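**Q** Here's the letter readout for the chains.
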Amino acid sequence: MSAMEKLEDHGLLRFLTCGSVDDGKSTLIGRLLFDTKTILADTLTAIERTSQKRGMEAVDLSLLTDGLQAEREQGITIDVAYRYCTTGTRKYIIADAPGHEQYTRNMVTAASTANLAIILIDARKGVLTQTRRHSYLAHLVNIPHLIVAVNKMDLVDYDQTVFEKIRADYLAFAEKLGIQDIRFIPMSALNGDMVVDRGERLGWYNGPTLLDVLETAPAAHTETSEKFRFPVQYVCRPQDSANPELHDYRGFMGRVESGEIAVGDEVTVLPSGLTTRVKAIEIYSQQLPSAFSEQSVTILLADEIDISRGDMIVKTSEALEPKKQIEAMVCWLSEQPMDRARKYLIRHTTRDSKAMVAGIEYRVDVNTMEWVAADKLAMNDIAKVAFKLAQPIFCDAYAENRGTGAFIIIDESSNNTVGAGMIV
Amino acid sequence: MTVLTKQTLSHLDWLEAEAIHIMREVAGQCSNPALLFSGGKDSICMLRVAEKAFRPGKFPFPLVHVDTGHNYPEVIAFRDKRAAELGERLIVRSVEDSMKRGTVVLKHPGESRNKHQSVTLLETIEEFGFDACIGGARRDEEKARAKERIMSFRDEFGQWDPKNQRPELWDLYNARSHKGENIRAFPISNWTEMDVWQYIEREQLELPSIYFAHTRPVVIRQGAIVPVNVPLVGGELTNLPKAGEEIVDLLVRFRTVGDISCTAPVESDADTVEKIVVETATTTITERGATRLDDQTSEASMEQRKKEGYF
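If you read the sequences in order, they're chains A and B.
Going by full-length UniProt numbering, the letters in the first sequence line up with residues 1 to 424, in that order.
Going by full-length UniProt numbering, the letters in the second sequence line up with residues 1 to 311, in that order.
The set of hints was computed from the structure by calculation and includes no laboratory data.
You may find that some hints are simply not true.
Claimed, not checked - Taking lysine-lysine and the DSBU-like style, the derived pairs with C-alpha atoms no more than 35 Å apart in a straight line are:
no.: 1; chain 1: B; residue 1: K179; chain 2: A; residue 2: K376
no.: 2; chain 1: B; residue 1: K163; chain 2: A; residue 2: K343
no.: 3; chain 1: A; residue 1: K388; chain 2: B; residue 2: K179
no.: 4; chain 1: A; residue 1: K37; chain 2: B; residue 2: K163
no.: 5; chain 1: B; residue 1: K163; chain 2: A; residue 2: K384
no.: 6; chain 1: A; residue 1: K376; chain 2: B; residue 2: K163
no.: 7; chain 1: B; residue 1: K179; chain 2: A; residue 2: K343
no.: 8; chain 1: B; residue 1: K163; chain 2: A; residue 2: K125
no.: 9; chain 1: B; residue 1: K275; chain 2: B; residue 2: K100
no.: 10; chain 1: A; residue 1: K354; chain 2: B; residue 2: K179
no.: 11; chain 1: B; residue 1: K115; chain 2: A; residue 2: K37
no.: 12; chain 1: A; residue 1: K384; chain 2: A; residue 2: K354
no.: 13; chain 1: A; residue 1: K354; chain 2: B; residue 2: K58
no.: 14; chain 1: A; residue 1: K315; chain 2: B; residue 2: K242
To be verified - Cβ-to-Cβ under 8 Å is the rule here; a few derived chain B residues that face chain A:
no.: 15; residue: Q7
no.: 16; residue: L9
no.: 17; residue: A17
no.: 18; residue: G57
no.: 19; residue: F128
no.: 20; residue: R166
no.: 21; residue: S177
no.: 22; residue: M194
For clarity, every value in this text was computed on a predicted model and none was experimentally measured.
Each residue gets a CB set at the ideal place from its N, CA and C atoms; glycine is no exception.
Okay, chain B solo, but in the shape it has when bound (with noise of 0.2 Å):
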C-alpha cells in the first residue's frame, strides 16, 4: 500500500469535480430545480461549481434567497451584485411577507426568524413549484447533518425523516419525487470549512466585506460577541443593547452568516483570505461552535429544525 502511481485529483479538485456531478444529476433529474444564494460564502463557492457545470450555457435553476429582513446590508448589496454579474435570474422572498399573510407568528418582535425562514422556503417552493432546490450545507457542520443525504428527501410537509432516509450508493442519486414533495440537493456536503476557504483562495471568488476583519461596536453577553446598532436595508437599527451592556469596538470578522440576530463574529485581524486560511487552520473552536447562537440551545436544536422543513 505505498505506491501512489495512479493520476489522481487534488483533494480541491475531487471535491469540486463531485459538486459538479451532483449538480449535473440535479439538473438531468429534475424538471424545475432551484439553487438557494445568501450571499454567503458556501452558496458563493456553490454559483462557481454552477459556473463550472454549465457555462458556457445558463443555470438551468433561478437563484433563490429567503430573506429574514434582518440580514447584514453587505450581505444582501453583494447577493444583488452577484446575480446580476452572472446575467442569472434572482428570486427573493421575504420572512416578512410571511408574517404579513400570517403565517409566520413570533412570540414576541425581537424573536429570531432564523426558524421562521422554514415556512417561507416551503411558501416559496411551493409557488414556482419547485421540485428540487441546491442548498449548500456542510456535513462538518453539525452533527444531524453528518447523517443527511447528499439528495435528502422531503415530504409534503417539508419534513425530513432522518431514520427514514433512502439509503445512497456509488455516485447513484436518487432525486425522484411525486408531485408536492421535494429533494434537498447538498453538492458541498463533503467539504470542510476549511475546503471552503481553501477553494475561494484558489478561485479568487470575491466575498461580502464582513467575512474580513473590521472594527464593529459590540457587546459580550453570555461569552459570546454580539454585534449591536446593526443598520439594516432601510437604515433602520437592529440588535439594540440591553440595558446596563457595556458597548465596545472590537476588530471581528464573521465565519459565518446569517440572520443578523443569531449570527456572531469572531475577533479577528484577517483582513485577507490568505489570512483566514491560515486562522481556519490553527483555530480551536467550531465554526457554529464560536459564532451560531442559535445551535447551541439544545443538542438537538439543528435536527428538529430539519425535521421541520428547515435546511
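The shape of chain A in the complex, shown without the other chains (with noise of 0.2 Å):
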C-alpha cells in the first residue's frame, strides 16, 4: 500500500467559481492551485515568464487559467475551464465559469455538474448585479451549497464593517431567492489570506478558511434520500462466446442516476410496466449485494424482459408516469434563437424524443429576476417553456432530482446543443 492510499479518502467534490477577472476569480484559484502545491515549477516559471513580458512586476496567479489562444490575446476568459487540484484526502474539479453578462450559458454549464459554488464579490464594490445573476443561476440549477467570498480585502484594509455590510445586503436578496446553505468568508486571494491559509490581517474573522469548508462539505448532491432511477445505457448479450454459461446472459448496463437497489428488489421496467426481481448486481468480476448513486454497474434481472437503451429500471415501491408534456426552465445555448415552429430532440437521461414547444410561459430577466412576457428565446435567456413530446419519458421535478429532472435540446439539422432545460 502506497503513502497516499493510507490517507482518509473523502471521495471527490465538484465546485463552481463565478465572477468576472475584475472580481480576482483567476487569481482565487491561481492561489488555491499554488497553496495546495497543485502548481509545479514549469507551470510557474512559464507564467512568471509572460507576466514580465506583459510588464508586470509580481507573478499574475490569473495567467494560469487562461486557455486559448483568443482569451491569452484579449485577457478574458471564452469558456468553462476545468482545474484540478488534490489535498491528499480529497480530490477537487473546479468549473472555472466566465462572469461576463453574455456568458450565461457557460454558467449554466459549468454549474450543472457542480455541488458547491463560490460566488465571488469585490469588497470595494459590494452586492452588483453579476452577483444576483450568478446567485440565482446557482439556485436555479440547484446547487445546493453557496459561498460567498468576499474578496479584495486588502484593498479596504481588512475592514469588518464592509465585510458584514456586504453580508447583510446578500442575505436581504438571497432570502427572497430561497438559498438555504450560504457561507460568508472574507479574502484576500492577492496575498493568500483565508484561501488555504489563514493569514494574519483578518484576525476578527473566526469561521473556517475557504479550503476548511471545501474538505467538509458533501461530496453527495444531496443529503436526502432519492428514489432509485436505473436509466439503460447498454444491453450486454454475449451470445457468440465460446462459454455455453454465458448462452443466456442479459446485462443492462447504466450508471445509479439516484438511489440505491439491492439484489432482491422488486422492480418495474418503463415504458413495458413489467415487473421482476434483481438477480444480481455486478462490476466486471465482482458480485455487489447493492448499488447506490453514482455507480456504473450492470444489473441482470430474474425474469427475461425486453429491456433496451432508453428504457429505465426503478423500484415498484417508486414507480414514476411516463409523461408526453412537460414544462421547464430552459437556458437557451445557441446563437440561433428557438424557432417555435420547429421540431427539436430533447435528450432525457439515455432516452430521445422529439419534441414541439407548446407556450413560453414568461422569460426570467437574469438581473432583476423579473418575469416578463416572450415569444422567443435568444441566446442566454431564461424561460418556463411547455413541451409537447412525440415519445414519453420518464421524469421526476429536477427539484427533486438532477437526474431525471435534466435534459438538453438538440437541433437536429446541425447536431449542436441548443439549450438546457430544468423539469418543474
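Two independent chains are provided; combine them into the complex using the hints.
**A** This is the structure:
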C-alpha cells in the first residue's frame, strides 16, 4: 500500500467559481492551486515569463487559468475550463466559468455538474447586478451549497464593517431566492489570506478558511435519500461467446442516477411496466449485494424481459408515470434563437424524443429576476417553456432529482446542443 | 456543511464510474466507434475501464493504433500482447504508409513524426468510417485540453473549433454527428497523472518496462534528457547523438510515452508502481513540461495541433 492510499479518502467534490476577472476569480483559483501545491515549477516559470512579458512585477496567478489563444490575446475567459487539485484526502474538480453577462450559458453549463458554488464579490464594490445573476443561476441549477467570497479585503484595509455590510446586503436578497446554505468568507486571494492559510490580517474573523469549507462540504449532490432511477445505457448479450454459461446472459448496463438498489428488490421496467426482481448486480467480475447513486453497474433480472437502451429500471414501490407533456425552466444556449415552428430533439437520461414548443409562459430577467412576457428565446435567455413530446419520458421534478429532472435540447440539422432544461 | 453522511464513492471509484458511463454512452450513441490504444499508461487504464464497461461481452469497438514508426519496441510489443490477451481486434495504421502515399511529407528526414499522426488518424477514420474515436487525453495535461469537451465534435476535416464547442451539461452527452464528421470521446478527461498512477496501482495493471527506472544512454540537450541510439522495432538505431555530445548512462524512467523523437525520460530510481506514486506526489515538474519536447515550441502548440485534427 502506498503513502497516498493511507490517507482517508473523502471522495471528490465538484465546485464552480463565478465572478469576473475583475473580482479576482482567476487569482483565487491560482491561489488555491498554488497553496495546495498543485502548480508545479515549470508552469510557474511559464507564467513568470508571461507576467514579465506583459510588464507586470509580481507573478500574475490569473494567467494559470487562461487556456485559449484568443483568451490570452484579449485577456478574457471565453469558455468553461476545468482545473484539478487534491489535498491528499479529497480531490477537487473546479469548473471555472466566465463572468461576463453574455456568458450565462457557460455558467449554467459549469453549474450543472457542481455541488458547491463560490460567488466572488469585490469588497470595494459590494453586491452587484452580476452577483445577483450568478446567485440566481446557481439557485436555478440547484447547487446545494454557496460560499460568498468577499475578496480584495486588502484593498479595504481588512475592515470588518465592509464585510458585515456586504453580508447583510447579500442575505437580504438571497432570502427572496430561498437559498438555504450560504457561507461568507472574507479573503484576499492576492495575498493568500483565508484561502488555504488564515494569514495574519483577518484576526477578527473566526470562521473557517475557504479550503476548510471545501474539505468538509458533502460530496453528494443531496443529503436526502432519493428514489432509485436506472436509465439503461447498453444491453450486454454475449451469445456468441464460447462459454455456454453466458448463452442466456442479459446484462443491463448503466449508471445509478439516484437512490439505491439491492439484490432481491422488486423492480419495474419502463415503459413496458413489467415487474421482476434483481437477480444480480455486477461490476466486471465483482458481485455486489447492492448499488447506489453514481455507480456504473450491470444489473441482471430474474425474468426475461425485453429491455433496450432508453428504458428505465425503477423500484416498483417508487414507480413514476411516463409523461408526454412537460414544463421546464430552459436556458437557451445557441446563437440561433429558438424557432417555435420547428421540432427539436430532447435528450433525457438515455432516451431521445422529438419535441415541439407548446408555449413560453415567461422569460426571467436574470438581472432583476422579474418575469417578463416572451414569444421567442435568444442565446442566454432563461424561460419557462412547455413542450409536447412524441415519445414519453420518465422524469422527476429537477428540484427533487437532478438526474431525471434535466434534459438537453438538440437541433437535428446541426446536431448542436441548443438548450438545457430543468423540469418543474 | 460538516457531515459526510450519505454513502459516496472514493475518488478513484467515482472517476472509474464516470469513465465507464462515458464509454457506454459512446457505444450506445455511435454506430461505429474505435478506441485508440497506444500501449501507453493512459490507454492501458482505458482498456481496464472498457473491460469493466462491457465484459462479459466483447468490446463494441476495435482498438486502433496510429504508429509513427518511431515508437519504443517495448511499447509496441506490449501493445500487441495486451490486445491478444483481451481477444480484441487491433488495427494498426502507420505514418510511414501515409508518407508512401505522399499525404505526409517530412520537412527533413529527422523531423518529428508526432504531429503527422493527425493525417494518418484522419485517413484511418475515413478508411473504416469511424464516427467516434475514444482517446485517453486528460484535461490536466495541457491548457487547451482543459477547455475541451468530453464528447468533442470534429468537422469533416477533423478540426476542433475551440470557440464553437457544444455545451456539455450534467451527464447528458451529445455524440451525434453527420456522415464524414466525427466525435472524439475522452472518458478519462477528469483524471490527473496522479489518478492514473493510483488506478494502475489499485488495479495492478501491467505496464511496458520503460515506465520503470532503467539505465539507458542519453545526452543532455538544452536542459532536457534526450535518449540516444534507441533501437527501432527492426533493430535500426534512431535518435543518434549530435557531433560533440557526450553520451552518459543514466537511471531514468518515462512519465509519458510517445514518438521517440519527442518523448524524454526523467531521472528516477522508481522501479515499482508504489514508488512512482510517491514520486508523482512529490514531483515539482508537470508531466508534459518534463517530458514532451513538442509542447514547448510555443504556448499555443497543443491548441494549434488540435485544430488540425490532432488528439
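**Q** Hint by hint, note whether the structure agrees.
**A** We went through each hint and held it up to the structure:
1. B:K179 x A:K376: holds (31 Å)
2. B:K163 x A:K343: holds (26 Å)
3. A:K388 x B:K179: This hinted pair holds, its Cα atoms lying about 29 Å apart.
4. A:K37 x B:K163: holds (31 Å)
5. B:K163 x A:K384: holds (28 Å)
6. A:K376 x B:K163: holds (25 Å)
7. B:K179 x A:K343: holds (22 Å)
8. B:K163 x A:K125: Holds, at roughly 31 Å.
9. B:K275 x B:K100: Violated - the C-alpha atoms of B:K100 and B:K275 are around 43 Å apart, more than 35 Å.
10. A:K354 x B:K179: holds (21 Å)
11. B:K115 x A:K37: holds (32 Å)
12. A:K384 x A:K354: holds (19 Å)
13. A:K354 x B:K58: holds (32 Å)
14. A:K315 x B:K242: Violated. A:K315 to B:K242 sits at ~69 Å, over the 35 Å cutoff.
15. Q7: holds (5 Å)
16. L9: Because about 6 Å separates B:L9 from the closest Cβ in chain A, which is inside the 8 Å limit, the hint holds.
17. A17: With a closest approach of 4 Å, the B:A17 hint holds.
18. G57: holds (4 Å)
19. F128: Violated. Min distance 21 Å.
20. R166: Because about 5 Å separates B:R166 from the closest Cβ in chain A, which is inside the 8 Å limit, the hint holds.
21. S177: holds (6 Å)
22. M194: Check passed: Cβ of B:M194 comes within 7 Å of chain A, closer than 8 Å.
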